[in-house]
Amino acid sequence: MAFTARTPREAFQTLQDHLNRTLNKVLTRTRLRFSVRHATQEKTSLAFFDRQLRPEAVQLHPSLPWYLSLRQDIQAIPEGRGYTLRTLQYAYRIQRSASVQDEAEVRFEYVSPETDANFPYSRHHVQFHQDYHEVRERFSLQKLHIPTGGVTIEHVIRFLIADLGVPPLVTNWDEELKKSEEQSRKWMNQTQ
Amino acid sequence: MAFPATAEPLENEFEASEDGIIELSDEELFALIDRDAREGLGMSGEEYLRGLRERTIPRTGPNGYLAHLSMLASLLDY
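Top to bottom, those sequences are chains A and B. According to my numbering, the stretch in the first sequence is residues 1 to 192, in order. According to my numbering, the stretch in the second sequence is residues 1001 to 1078, in order.
Be aware that one or more of the hints could be misleading.
[What the hints assert, rightly or not] Covered stretches of chain B, as calculated for chain A (at least 3 residues, CB under 8 Å): (1) 1019-1029; (2) 1032-1040; (3) 1059-1073.
[Claimed, not checked] For the chain A half of the interface with chain B, some residues (derived, Cβ under 8 Å), not all of them: (4) Glu79; (5) Glu103; (6) Val106; (7) Thr171; (8) Asn172.
If you're looking for bench data, these hints aren't it; they were derived computationally from the structure. All C-beta atoms in this analysis are idealised placements derived from N, C-alpha and C, irrespective of residue type, glycine included.
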């Protein structure tokens, strides 16, 4: 079933509920929160915020060094009699502290043409901490915008569990992620 | 949209409405940008938005405040 909602707000709420259900079932009890501009309400910004709306990275397990920061900008697009959703920008960061000021170990990012028509780098890219060793002269993983496909929140959850050893909250996490990925694919109208 | 002459300091906690979404006025968005640009980048919100417009400040980078502020600015159509 394709994603449509009667209003932008309904679309945002549906997405928020869906992502929080997946995150809270599989990875962390922390919930993503949406903020919208009161005047227009067709754009929204989704993130882990503290109570003063400061961005934060949440610790994933007390015995592991990994913190996760998720940030996504979304726009509701009129389609037929309802609205569908488009991702405008995202930044998913895996780091070793709660402060998003600190450099991430790895960050997956996207900047859409709507956000910056002249963005010079690969719009979808992954970047690594500056202390990674250069693998070739003038090929620094900290500086290059290495192209990737569109990275979803589900991809990041999978990476955390499968590669970094973060324990999932349920044993059938793989099945839950596959269901969530399938649902997100149907709902999200992501450009480029 | 011009940066307001004085951005009110933010002291309150932000409560979500029943559907879990936090509504922000333009004044609150400007104040958030000002607070977070000062805390995260060491500059005022006005300086940050000018730098974003003039492309001297990137939308992403090692400091996560860059992406955070870019997305706040996007809500104000910057």
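These are the hints, each one checked on the structure:
As drawn, the stretch 1019-1029 of chain B meets chain A at 9 residues by the rule of a beta-carbon pair under 8 Å; at three or more, the given contact holds. Taking a C-beta to C-beta cut-off of 8 Å, the stretch 1032-1040 of chain B contributes 4 residues in contact with chain A, enough for the three needed, and the coverage statement holds. Closer than 8 Å: that is the beta-carbon criterion, and the stretch 1059-1073 of chain B has 11 residues meeting it against chain A, so the requirement of 3 holds. With a least beta-carbon distance of about 21 Å to chain B, the hint placing glutamate 79(A) at the interface is violated under the 8 Å criterion.
Contact between glutamate 103(A) and chain B, as hinted, is supported at the beta carbon level, the nearest pair being about 4 Å apart and thus within 8 Å. For valine 106(A), the suggested interface contact is broken, since its CB lies about 11 Å from the closest CB of chain B, more than 8 Å. For the restraint placing threonine 171(A) at the interface with chain B, the shortest Cβ-Cβ distance is roughly 28 Å, beyond the 8 Å limit, so the hint is violated. A distance limit of 8 Å between C-beta atoms decides the matter here; for asparagine 172(A) the minimum to chain B is near 26 Å, and the interface restraint is violated.
Hint violations for this structure: numbers 4, 6, 7, 8, all remaining hints satisfied.
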